[in-house]
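My request is simple: use the sequences and hints to build the entire structure.
Below, each chain spelled out in residue letters.
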Amino acid sequence: MTMRGANRPFCRFGLSFFIILLLPAYLCGQESIAPPSKVVAYDFKYDRGEAVELSWQLSPDDKGNGSISGYEIYRAEDPLDSFISIGFVSAGTSSYRDKSVYKGQSYRYQVATSSDGHLYFSEISAAVVPRMELINWNLLNLFIIGLFLCGSVIFFISHATRGKKLFIRKIAGLEAIDEAIGRATEMGRPILFVPGINDMDDVQTIAGITLLGRVAKVVADYDIRINMPVSRSLVMTTARETIREAYMGAGRPDAYSDDMVNYITDEQFGYVAAVDGIMVRQKPATCFYLGAFFAESLILAETGNSIGAIQIAGTAQPAQLPFFVAACDYTLIGEELFAASAYLSNEPKQLGSLKGQDMGKLLAMIVIILGVLAATVSQMGGGQFFTDIHQFLSNIFTVQN
Amino acid sequence: MKRQVPVIITFIVGAVLIVSVFFPPAERLGENFSVFFDIIAVFAFFLGGGNLIRIHGNKIYRRQKDWAFSAVTLTGFIVMLAAGLFKIANPNGITGDVAATGSLFQTLYYNIFYPLGSTMYALLAFYVASASYRAFRAKNKEATILLIAAFIILLGRTPLGVYATGWVPESFSLLQIPNLAIWIMSSPNLAGQRAIMIGIALGVISMSLRLILGVERTYLGVDNE
Numbered sequence: 001m002t003m004r005g006a007n008r009p010f011c012r013f014g015l016s017f018f019i020i021l022l023l024p025a026y027l028c029g030q031e032s033i034a035p036p037s038k039v040v041a042y043d044f045k046y047d048r049g050e051a052v053e054l055s056w057q058l059s060p061d062d063k064g065n066g067s068i069s070g071y072e073i074y075r076a077e078d079p080l081d082s083f084i085s086i087g088f089v090s091a092g093t094s095s096y097r098d099k100s101v102y103k104g105q106s107y108r109y110q111v112a113t114s115s116d117g118h119l120y121f122s123e124i125s126a127a128v129v130p131r132m133e134l135i136n137w138n139l140l141n142l143f144i145i146g147l148f149l150c151g152s153v154i155f156f157i158s159h160a161t162r163g164k165k166l167f168i169r170k171i172a173g174l175e176a177i178d179e180a181i182g183r184a185t186e187m188g189r190p191i192l193f194v195p196g197i198n199d200m201d202d203v204q205t206i207a208g209i210t211l212l213g214r215v216a217k218v219v220a221d222y223d224i225r226i227n228m229p230v231s232r233s234l235v236m237t238t239a240r241e242t243i244r245e246a247y248m249g250a251g252r253p254d255a256y257s258d259d260m261v262n263y264i265t266d267e268q269f270g271y272v273a274a275v276d277g278i279m280v281r282q283k284p285a286t287c288f289y290l291g292a293f294f295a296e297s298l299i300l301a302e303t304g305n306s307i308g309a310i311q312i313a314g315t316a317q318p319a320q321l322p323f324f325v326a327a328c329d330y331t332l333i334g335e336e337l338f339a340a341s342a343y344l345s346n347e348p349k350q351l352g353s354l355k356g357q358d359m360g361k362l363l364a365m366i367v368i369i370l371g372v373l374a375a376t377v378s379q380m381g382g383g384q385f386f387t388d389i390h391q392f393l394s395n396i397f398t399v400q401n
Numbered sequence: 001m002k003r004q005v006p007v008i009i010t011f012i013v014g015a016v017l018i019v020s021v022f023f024p025p026a027e028r029l030g031e032n033f034s035v036f037f038d039i040i041a042v043f044a045f046f047l048g049g050g051n052l053i054r055i056h057g058n059k060i061y062r063r064q065k066d067w068a069f070s071a072v073t074l075t076g077f078i079v080m081l082a083a084g085l086f087k088i089a090n091p092n093g094i095t096g097d098v099a100a101t102g103s104l105f106q107t108l109y110y111n112i113f114y115p116l117g118s119t120m121y122a123l124l125a126f127y128v129a130s131a132s133y134r135a136f137r138a139k140n141k142e143a144t145i146l147l148i149a150a151f152i153i154l155l156g157r158t159p160l161g162v163y164a165t166g167w168v169p170e171s172f173s174l175l176q177i178p179n180l181a182i183w184i185m186s187s188p189n190l191a192g193q194r195a196i197m198i199g200i201a202l203g204v205i206s207m208s209l210r211l212i213l214g215v216e217r218t219y220l221g222v223d224n225e
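Residue numbers (the working numbering), protein chains in the order written: chain A, 1 to 401; chain B, 1 to 225.
Keep in mind that a hint or two might mislead.
Claimed, not checked - Within a straight-line C-alpha distance of at most 27 Å, the following computed DSS-like cross-link-like pairs (lysine-lysine) qualify:
| id | chain 1 | residue 1 | chain 2 | residue 2 |
| --- | --- | --- | --- | --- |
| 1 | A | Lys-283 | B | Lys-59 |
| 2 | A | Lys-99 | A | Lys-38 |
| 3 | A | Lys-283 | B | Lys-65 |
| 4 | B | Lys-65 | A | Lys-170 |
| 5 | A | Lys-349 | A | Lys-361 |
| 6 | B | Lys-2 | A | Lys-349 |
| 7 | A | Lys-349 | A | Lys-165 |
Derived by calculation from the structure, the hints in this document are not laboratory data.
This is the structure:
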């Protein structure tokens, strides 16, 4: 009794405090959260009609202080369906790309501010119908550049076919291939060919395999052993076919064996361990690393270096090039890997394609020089004209999505 | 015929993939070709596995040189394959996730395979040291420039670099080693990398065209006529 009676004034005070101070504050707090405004839904341009872009103006209460947890996105199929939640974005985000729509179906959207488990809904957006466009006009610049490059490659191929002499600079790494194979012949040791760790859907691997065809032909002529451990089954079958044809072309089909190409594993470091083991045990006189390489590049090249092999590498992975340059005797840098087969073939058609490629470089050089000049003049107060030129030249090589 | 069919297939696939970039209605076709490739790759995996068993099985059977390594390879392959295929020790039985906690597959992966992979990767540190030693010897003018650039970058990433040139006044801040290191990385180095990237992009276009047009047929084992 005494206890309850003693507590009564305190309880009364607590209740009054809650009613007078906290409840209005609580109610005010709830009312003060504003929903986002100006919700606009529009068809995502130049796709197959499979996306709708949604944008809105942030809630005025979205001030980055944690009072708003994010925005819940609701969608309804126009006109009958009810709204269902299709996604959530964090506070401070004012756009959303809905990729779960169907072409031709009409949709309406609503965005709700989420705060402390409560939702504050915006107005419903206007209806939007995703449609498929026939041409992606965003890539027009890319299309024109591509057309120019393809045109110049085809032009120089036909130019070369007509018997015109083309100058192609010497590539040291390719000049050394015969020397490297000759060395292996003299030493009576095998040749190791590593085509990288990517599959046949990588153009670097294809470039490596085209070079393998050239190397295998010389190997067949010299009657030495070639060993090609691979990390992809498709590369194995392609490489076998390439070497078999090279041996047949050299008139020595009997010397070919399927065991020249053997599959090891798809796993990057498992493959590296196996190839390192092969190198240390078989001590090949020449190692070729031509294809796509990653962290394994230096491990392979340094092991090859430690056994005294002459090494020729080539990759289009810019991050791995310094490792190959440091550890190998010759390195085909980027484009040289792709030019290698054409260069070695010495055929007018193929050399013509290299000349066409040079036109692309010329275009790039012109655009870079003009861009640098325009940017410099613009920075020095040259006026809007140079700023526009600079912007235009920057946009030429920008892919918009 | 044997040589014409691959060239025709290459042309069709290549042309469709190019068209699919610029024409949204053809996008799906391009995606389908990627799926076809994955399906073919799955079948090719059987060829790879078969080849592994045949080559190493032969080596063991004939007691060829270093056959013990082949035995290790085959044992690893078969044990891992069985553990994954039959879901040995999987708490949810044969219907459970292949990498479920407690399964033999997961145990082997985390206790043998993963540490071995990490060990190989860790070797890279030693190889970087030996390669750097060779690359940074000032044998000629280019190697000397490389050595100086590498020295500045290495020093710029350490507290010593900050301390050594901290006294340089703000108006000459570019001469402070950390700033110099940033400048080397973001200007000459980046310019060189971009030049390589442009060359690679052009090389890819040129090579792709040669393949699509059938000018390059070495990958078919055929010299171009």
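Verification of the hints:
no. : hint                    : result
1   : A:Lys-283 <-> B:Lys-59  : holds (19 Å)
2   : A:Lys-99 <-> A:Lys-38   : holds (21 Å)
3   : A:Lys-283 <-> B:Lys-65  : holds (14 Å)
4   : B:Lys-65 <-> A:Lys-170  : violated (42 Å)
5   : A:Lys-349 <-> A:Lys-361 : holds (19 Å)
6   : B:Lys-2 <-> A:Lys-349   : holds (22 Å)
7   : A:Lys-349 <-> A:Lys-165 : holds (11 Å)
Figure legend: structure checked against the earlier numbered hints; the only hint not met is number 4.
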